[in-house]
Amino acid sequence: MVRLLMRNFSDKRPLLSTLNKYVKIVRTEHCFLLFEELGKTDQWLQCLEVFRWMQKQRWYIADNGVYSKLISVMGRKGQTRMAMWLFSEMRNSGCRADTSVYNALITAHLHSRDKSKALAKALGYFDKMKGMERCKPNIVTYNILLRAFAQARNVGQVDALFQDLDESIVTPDIFTFNGVMDAYGKNGMIKEMELVLSQMKGKQVKPDIITFNLLIDSYGRKQAFDKMEQVFKSLLHSKERPTLPTFNSMITNYGKARLRERAEFVFQKMTDMRYTPNFITYECLIMMYGYCDCVSRARDTFDDVIETQKEKKVSTLNAMLDVYCMNGLPMEADMLFESACTTKTFRIDSSTYKLLYKAYTKADMKELLQKLMAQMDRDGIIPNKRFFLDALGAFGSSLTDPKAANDKKKLSRPAVTGKQ
Numbered sequence: 001m002v003r004l005l006m007r008n009f010s011d012k013r014p015l016l017s018t019l020n021k022y023v024k025i026v027r028t029e030h031c032f033l034l035f036e037e038l039g040k041t042d043q044w045l046q047c048l049e050v051f052r053w054m055q056k057q058r059w060y061i062a063d064n065g066v067y068s069k070l071i072s073v074m075g076r077k078g079q080t081r082m083a084m085w086l087f088s089e090m091r092n093s094g095c096r097a098d099t100s101v102y103n104a105l106i107t108a109h110l111h112s113r114d115k116s117k118a119l120a121k122a123l124g125y126f127d128k129m130k131g132m133e134r135c136k137p138n139i140v141t142y143n144i145l146l147r148a149f150a151q152a153r154n155v156g157q158v159d160a161l162f163q164d165l166d167e168s169i170v171t172p173d174i175f176t177f178n179g180v181m182d183a184y185g186k187n188g189m190i191k192e193m194e195l196v197l198s199q200m201k202g203k204q205v206k207p208d209i210i211t212f213n214l215l216i217d218s219y220g221r222k223q224a225f226d227k228m229e230q231v232f233k234s235l236l237h238s239k240e241r242p243t244l245p246t247f248n249s250m251i252t253n254y255g256k257a258r259l260r261e262r263a264e265f266v267f268q269k270m271t272d273m274r275y276t277p278n279f280i281t282y283e284c285l286i287m288m289y290g291y292c293d294c295v296s297r298a299r300d301t302f303d304d305v306i307e308t309q310k311e312k313k314v315s316t317l318n319a320m321l322d323v324y325c326m327n328g329l330p331m332e333a334d335m336l337f338e339s340a341c342t343t344k345t346f347r348i349d350s351s352t353y354k355l356l357y358k359a360y361t362k363a364d365m366k367e368l369l370q371k372l373m374a375q376m377d378r379d380g381i382i383p384n385k386r387f388f389l390d391a392l393g394a395f396g397s398s399l400t401d402p403k404a405a406n407d408k409k410k411l412s413r414p415a416v417t418g419k420q
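Position 155 (the sequence shown) corresponds to 155 in UniProt numbering; numbering is contiguous.
Some hints could be false.
To be verified - Taking CB as the label site, the calculated pair distances span:
{"#": "1", "residue 1": "R58", "residue 2": "N154", "range": "47 to 55 Å"}
{"#": "2", "residue 1": "E29", "residue 2": "K344", "range": "38 to 46 Å"}
{"#": "3", "residue 1": "K256", "residue 2": "K40", "range": "29 to 37 Å"}
Stated by the list, open to error - Here are the simulated DSSO-like cross-link-like pairs (lysine-lysine), alpha carbons at most 30 Å apart as the crow flies:
{"#": "4", "residue 1": "K354", "residue 2": "K366"}
{"#": "5", "residue 1": "K269", "residue 2": "K310"}
{"#": "6", "residue 1": "K121", "residue 2": "K191"}
{"#": "7", "residue 1": "K117", "residue 2": "K186"}
Please keep in mind that the hints were generated in silico from the structure rather than gathered at the bench.
A virtual CB, placed ideally from N, CA and C, is assigned to each residue, including glycine.
I would like the entire structure built from these sequences, with the hints used as guidance.
Below you can see the structure in the form of structure tokens.
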């Protein structure tokens, strides 16, 4: 039903017309799924249209679940004010907040840009929840907050939350420990990650495949390959089975350390174990060869993917372009990009343009930049301020140089939001 609704609305046929067409069939559960699908494609305004349409239906009953889902969707899209408006709307409708609504509200705040303010807000809601009978924090609340503070490198607050959790009637689960360890691992905080792992073992919580994968990835990122390989051996002797992300992570991290033979051994091991590589695996291989200065091997892998895979992902093209650029071959990148535009093998989007804009700027290739901007015009992609901020993130300081700033001015156009 939801797929039918998503297929049948467009600019020419508004969503409300489609909903009215199927009004006898659509119910709350369909709207829930519709919120999720629209949220995935950043169509949060349409989510509100569906909500308003729901409120007019005879079968609609004001429900916490609807508000919780909408607040969650708005939060993920950075629409914190809209999430707060929905919270007020819920109270005005006579609904009483429960734990799930506050969890959604905390998550919404944590998606905002000002992280320190968001964390303070989240703790404020957490303290408020403790004093409300219907809104007592549950394990989901603790998991959200623990991960957020671990991401913010606030070890003291993570420890305080763990202590609070120990003193409560709530029991930690595997998601509690995985969330914190993953956040610490991605921040390179290996010692803190290992302490949480010890806590997990002390609580008799058994690791799952996510635990093994995050440990493998964390040790790989820090190039602690002895520990990474030991975790992989433990995984093979456990009841869990490796997944594609297990192998993809190892290939990538060996590549970054320029250990080509080890990365190739992992790929061989993967195929020997009868795993079928996905497009991400091939992209990891392409990037690995790029890190190891094996551009021709990267191109061979790329060509194999184009010949054998039915669905061509633009991320695969981006990986090969990135390999050319990181190895100082912008002309080769330009030729591949031009070929991709001509053959229309890939659905090129702003991610490709950002990658090339950044690389050509770094290489000071003004002619290629002009050519790239012309192709953007033909594709109908209009760069705005966000495009330049993303594309030139690593070179922000260089734009303080008058000459560089002037070059950027010549290449940029009015900041109008386009197809990005």
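- Task: Could you work out which earlier hints the structure fails to respect and list their numbers in ascending sequence?
- Result: Of the numbered hints given earlier, the structure breaks none, since each of them holds.
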